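Chemist: Each chain, written out:
Protein chains: 2
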Amino acid sequence: MNTPDIFSIVKAAIKIAPYINDTPIITSSYITQITNASIFFKCENFQKTGSFKIRGATNAIMSLHDNQLVNGVATHSSGNHASALAKAASIKKCKAYIVMPKNSSKIKCEAVKYYGGDIIYCEPTLKSREETLKQVIENTGAIEIHPYNNYNIIAGQATAALEFIKNINHLNLIITPVGGGGLLSGTAIAIKQLSPNTKVIGAEPITVNDAFLSFYSGELHPPTNVNTIADGLRTSLGDLTFNIIRNKVDDIITVSEEAIIEAMKLIWTRMKIIIEPSAAVCLAILLEKKIEYKNMKIGIILSGGNVDIYNLPWSK
Amino acid sequence: MNTPDIFSIVKAAIKIAPYINDTPIITSSYITQITNASIFFKCENFQKTGSFKIRGATNAIMSLHDNQLVNGVATHSSGNHASALAKAASIKKCKAYIVMPKNSSKIKCEAVKYYGGDIIYCEPTLKSREETLKQVIENTGAIEIHPYNNYNIIAGQATAALEFIKNINHLNLIITPVGGGGLLSGTAIAIKQLSPNTKVIGAEPITVNDAFLSFYSGELHPPTNVNTIADGLRTSLGDLTFNIIRNKVDDIITVSEEAIIEAMKLIWTRMKIIIEPSAAVCLAILLEKKIEYKNMKIGIILSGGNVDIYNLPWSK
Numbered sequence: 082m083n084t085p086d087i088f089s090i091v092k093a094a095i096k097i098a099p100y101i102n103d104t105p106i107i108t109s110s111y112i113t114q115i116t117n118a119s120i121f122f123k124c125e126n127f128q129k130t131g132s133f134k135i136r137g138a139t140n141a142i143m144s145l146h147d148n149q150l151v152n153g154v155a156t157h158s159s160g161n162h163a164s165a166l167a168k169a170a171s172i173k174k175c176k177a178y179i180v181m182p183k184n185s186s187k188i189k190c191e192a193v194k195y196y197g198g199d200i201i202y203c204e205p206t207l208k209s210r211e212e213t214l215k216q217v218i219e220n221t222g223a224i225e226i227h228p229y230n231n232y233n234i235i236a237g238q239a240t241a242a243l244e245f246i247k248n249i250n251h252l253n254l255i256i257t258p259v260g261g262g263g264l265l266s267g268t269a270i271a272i273k274q275l276s277p278n279t280k281v282i283g284a285e286p287i288t289v290n291d292a293f294l295s296f297y298s299g300e301l302h303p304p305t306n307v308n309t310i311a312d313g314l315r316t317s318l319g320d321l322t323f324n325i326i327r328n329k330v331d332d333i334i335t336v337s338e339e340a341i342i343e344a345m346k347l348i349w350t351r352m353k354i355i356i357e358p359s360a361a362v363c364l365a366i367l368l369e370k371k372i373e374y375k376n377m378k379i380g381i382i383l384s385g386g387n388v389d390i391y392n393l394p395w396s397k
Numbered sequence: 082m083n084t085p086d087i088f089s090i091v092k093a094a095i096k097i098a099p100y101i102n103d104t105p106i107i108t109s110s111y112i113t114q115i116t117n118a119s120i121f122f123k124c125e126n127f128q129k130t131g132s133f134k135i136r137g138a139t140n141a142i143m144s145l146h147d148n149q150l151v152n153g154v155a156t157h158s159s160g161n162h163a164s165a166l167a168k169a170a171s172i173k174k175c176k177a178y179i180v181m182p183k184n185s186s187k188i189k190c191e192a193v194k195y196y197g198g199d200i201i202y203c204e205p206t207l208k209s210r211e212e213t214l215k216q217v218i219e220n221t222g223a224i225e226i227h228p229y230n231n232y233n234i235i236a237g238q239a240t241a242a243l244e245f246i247k248n249i250n251h252l253n254l255i256i257t258p259v260g261g262g263g264l265l266s267g268t269a270i271a272i273k274q275l276s277p278n279t280k281v282i283g284a285e286p287i288t289v290n291d292a293f294l295s296f297y298s299g300e301l302h303p304p305t306n307v308n309t310i311a312d313g314l315r316t317s318l319g320d321l322t323f324n325i326i327r328n329k330v331d332d333i334i335t336v337s338e339e340a341i342i343e344a345m346k347l348i349w350t351r352m353k354i355i356i357e358p359s360a361a362v363c364l365a366i367l368l369e370k371k372i373e374y375k376n377m378k379i380g381i382i383l384s385g386g387n388v389d390i391y392n393l394p395w396s397k
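Chains as they are written, first to last, in our numbering: chain A, 82 to 397; chain B, 82 to 397.
For the record, the hints were derived by calculation from the structure and aren't laboratory data. For clarity, every value in this text was computed on a predicted model and none was experimentally measured. Treat each hint with caution, since some may be false.
Pairs count within a copy or across copies, as identical chains cannot be separated in the list.
What the hints assert, rightly or not - In silico DMTMM-like pairs for lysine to aspartate or glutamate, Cα to Cα no more than 25 Å straight-line:
1. Lys194 to Glu343
2. Lys346 to Asp312
3. Lys215 to Glu225
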């Protein structure tokens with residue numbers, strides 16, 4: 082498969098339509114007032130399984146032939162891709178083997194089980210995750226569905242941007258979080274083809290700034306540390322996502338942990354919706370005034386709403 | 082003014098339309114599944130000022146002549162009516178004097194100030210609240226706007242039910258929280274005229290069951306205690322709301338604190354929206370299986386979303 086283009090994104094949108102929500106796009110008069118900008122929030126926290134990840138996972142599964150699915154699918158993930166893949170696999174009634182670090186949160190594990198996924202626990206290291214996944218694939222014959230370094234995943238995640246600009250025209254900016262880069266790269270492909278005057282920006286926690294470093298150095302940086310409240314953004318880019326991001330994204334901007342928490346609190350208390358820390362990084366850029374945006378029309382993808390309500394960033 | 086009827090409710094709806102949100106009505110596939118019922122949630126947590134109270138307050142203000150507003154309006158409230166009245170008064174550019182107990186939460190006080198209200202602090206007793214309000218009215222000539230025992234308030238709160246049944250037909254049940262009874266009595270008037278086959282039920286914390294006792298004894302009970310997590314429901318009925326409730330409401334059902342917290346957590350984690358504990362009592366009835374509702378079509382008014390995120394019921 083080649084790099085996704087608008088045709089593959091539209092095909093993905095048609096394929097996944099019966100299984101996902103066309104999520105609402107909302108505004109907040111308070112946030113409009115304090116930012117002096119028109120900000121539109123695409124609510125992927127209201128998406129099936131609580132994040133945009135179901136888009137890519139469903140497209141990846143629906144793009145495989147039934148005979149490729151006969152031994153199931155497999156991935157390693159401690160986050161939203163885990164439950165998304167389990168749910169997407171259930172559509173095709175195929176097995177989903179999810180390798181999860183044994184210190185994964187109870188809530189995340191329960192979500193995977195709720196959607197019918199088979200959890201295989203491993204040590205909480207990347208090495209153990211990769212080795213365990215390799216073993217699972219050898220034992221079962223399952224097909225690996227990588228969380229982001231996969232063109233079908235990227236085309237699936239891009240459908241959020243497609244819905245966005247179908248409803249809101251002439252955005253000056255669109256901002257998405259960047260972790261592994263599936264959402265950002267897909268968004269960039271869709272936007273640059275359909276709305277070339279809209280700038281595409283990735284938002285990343287400064288403590289895990291590997292995407293920022295890769296973008297500015299032109300070379301794929303390895304993972305830095307994983308010390309951020311935005312647990313969905315602790316991964317680093319893959320070669321496929323990096324190539325698209327380097328060619329199509331206008332900028333990657335980093336933000337402090339404090340600004341992420343502040344943005345999350347603002348969205349919770351003013352908009353009365355639950356988002357996870359990873360979804361707050363985009364508004365955090367604006368709160369920290371890292372770019373000029375006065376009077377602009379800005380789109381933000383609120384990537385997810387899966388948060389442990391017993392362990393909130395401000396209650397620590 | 083006579084008891085509100087459908088005509089006064091429609092008039093209220095027209096008067097307040099420019100200043101309020103026609104709030105969304107949403108469903109949750111998970112909650113549908115676990116309850117075996119079609120439950121529709123009317124999201125007054127997304128209402129201006131974060132609760133339905135702005136409906137009544139705006140109708141009360143817009144129903145007064147300009148010369149009645151010249152010295153402003155006044156009330157005592159530590160809750161959602163306080164900021165709602167401040168915001169509604171700001172539409173008419175009149176003063177709003179809000180008597181608040183000096184132990185009111187910082188967040189509630191800040192909301193009143195944000196909307197331009199003048200706070201007068203008093204001791205945290207009903208006696209001090211009433212005496213201070215009386216003094217304020219004597220000093221300023223302001224007109225009192227009671228939080229619920231006022232027909233314009235009741236007609237205003239009823240507009241939520243009007244929007245509800247305009248969008249969702251043939252509900253078997255509609256459930257609202259009951260504190261002072263403004264929302265429940267207004268809902269009962271609207272529903273019994275427009276959809277007489279729909280049962281109207283009030284949900285009340287068992288620890289503050291004065292509405293339940295009044296409803297079943299036929300006599301207005303005084304406040305019981307104020308020991309509930311549902312801080313918006315600590316008030317007791319007034320004579321106006323009681324009369325309507327006794328004649329038009331089908332039942333009042335009480336729920337435990339545990340069920341309220343469970344319902345709140347379910348709505349937060351599954352629907353990804355922020356509601357306050359008072360808004361959770363309706364779903365709590367269903368979780369406790371206090372009524373037969375299998376396969377029914379049920380409307381629930383989620384009354385508000387103003388919650389102190391630093392002090393959540395499950396983090397205590």
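Chemist: Please write out, lowest number first, the hints stated earlier that are contradicted by the structure.
Modeler: none
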